[in-house]
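A.B. asks: Sequence:
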Amino acid sequence: WKQRILINAPEICDVLEHAKGTRALSGISFDIFGIDKVSISKKAFKKMPNLRFLRVYKSKDGGKDVLRIPKKMEFPCRHLR
1 WKQRILINAP EICDVLEHAK GTRALSGISF DIFGIDKVSI SKKAFKKMPN
51 LRFLRVYKSK DGGKDVLRIP KKMEFPCRHL R
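The sequence shown begins at 1 in my numbering and counts up by one.
If you are wondering where the hints come from, they were derived from the structure by calculation, not from laboratory data.
There's no promise every hint is true.
As the list claims (entries may be wrong) - Derived DSS-like pairs (lysine-lysine); straight-line CA-CA distance at most 25 Å:
#1 K20 to K71
#2 K43 to K72
#3 K47 to K71
#4 K58 to K20
As the list claims (entries may be wrong) - Label-pair restraints from in silico Cβ distances:
#5 I69 to R23: 29 to 39 Å
#6 K37 to K72: 19 to 29 Å
#7 D61 to A24: 12 to 22 Å
#8 T22 to D61: 30 to 40 Å
#9 K37 to I7: 16 to 26 Å
#10 K20 to Y57: 19 to 29 Å
#11 D61 to R23: 16 to 26 Å
Values in this document were obtained by computation on a predicted structure and should not be read as measured data.
Built from N, CA and C at the ideal position, the CB exists for glycine as well.
Let's have the full structure, built from the sequences with the hints guiding it.
C.D. replies: Quick look at the structure:
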């Protein structure tokens, strides 16, 4: 992924589920509306040391959504807002 900020929900799901992030990624704005299930990889953020903001929100009410976060997730981003 060469983009600096991800906003496309299907792309974000792919990046988080398969740990496809890169050093170039500085932000994620993730609208979970319409996403049925996301299972975040334990190493999802390992390759994103320059991540500065992570926004997870639901733009509309309704629907079923499940965001699964592993208990021992590696999160090296110390400057996250």
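A.B. asks: Can you confirm whether the C-alpha distance between K47 and K71 stays at or below 25 Å?
C.D. replies: With a Cα-Cα distance of about 18 Å, the restraint between K47 and K71 holds, given a limit of 25 Å.
A.B. asks: Taking 12 to 22 Å as the stated bounds, is the beta-carbon spacing between D61 and A24 within them?
C.D. replies: Given a distance of about 34 Å, which is not inside 12 to 22 Å, the answer is violated.
A.B. asks: Just to be sure I understand the hint, the distance between the Cβ atoms of D61 and R23 should be within 16 to 26 Å; is that true here?
C.D. replies: 36 Å, violated
A.B. asks: Do the Cβ positions of K37 and I7 conform to the proposed distance bound of 16 to 26 Å?
C.D. replies: 20 Å, holds
A.B. asks: Return holds or violated for the Cβ distance of I69 and R23 against the range 29 to 39 Å.
C.D. replies: Taking Cβ atoms as reference, I69 and R23 lie about 22 Å apart, which means the hint is violated.
A.B. asks: Given the hinted pair K58 and K20, is their alpha-carbon gap at most 25 Å?
C.D. replies: 23 Å, holds
A.B. asks: Hinted pair, alpha-carbon criterion (25 Å max): K20, K71. Please report holds or violated.
C.D. replies: 20 Å, holds
A.B. asks: So does T22 sit 30 to 40 Å from D61, Cβ to Cβ?
C.D. replies: Roughly 34 Å apart at Cβ, these two residues keep to the hinted range, so it holds.
A.B. asks: Taking 25 Å as the top limit, are the C-alpha atoms of K43 and K72 close enough?
C.D. replies: 9 Å, holds
A.B. asks: Could you tell me whether the CB distance from K20 to Y57 stays inside 19 to 29 Å?
C.D. replies: 22 Å, holds
A.B. asks: Is 19 to 29 Å a correct range for the gap between the Cβ atoms of K37 and K72?
C.D. replies: Given a distance of about 20 Å, which is inside 19 to 29 Å, the answer is holds.
Checked against the numbered hints above, the structure violates hints 5, 7, 11; every other hint is satisfied.
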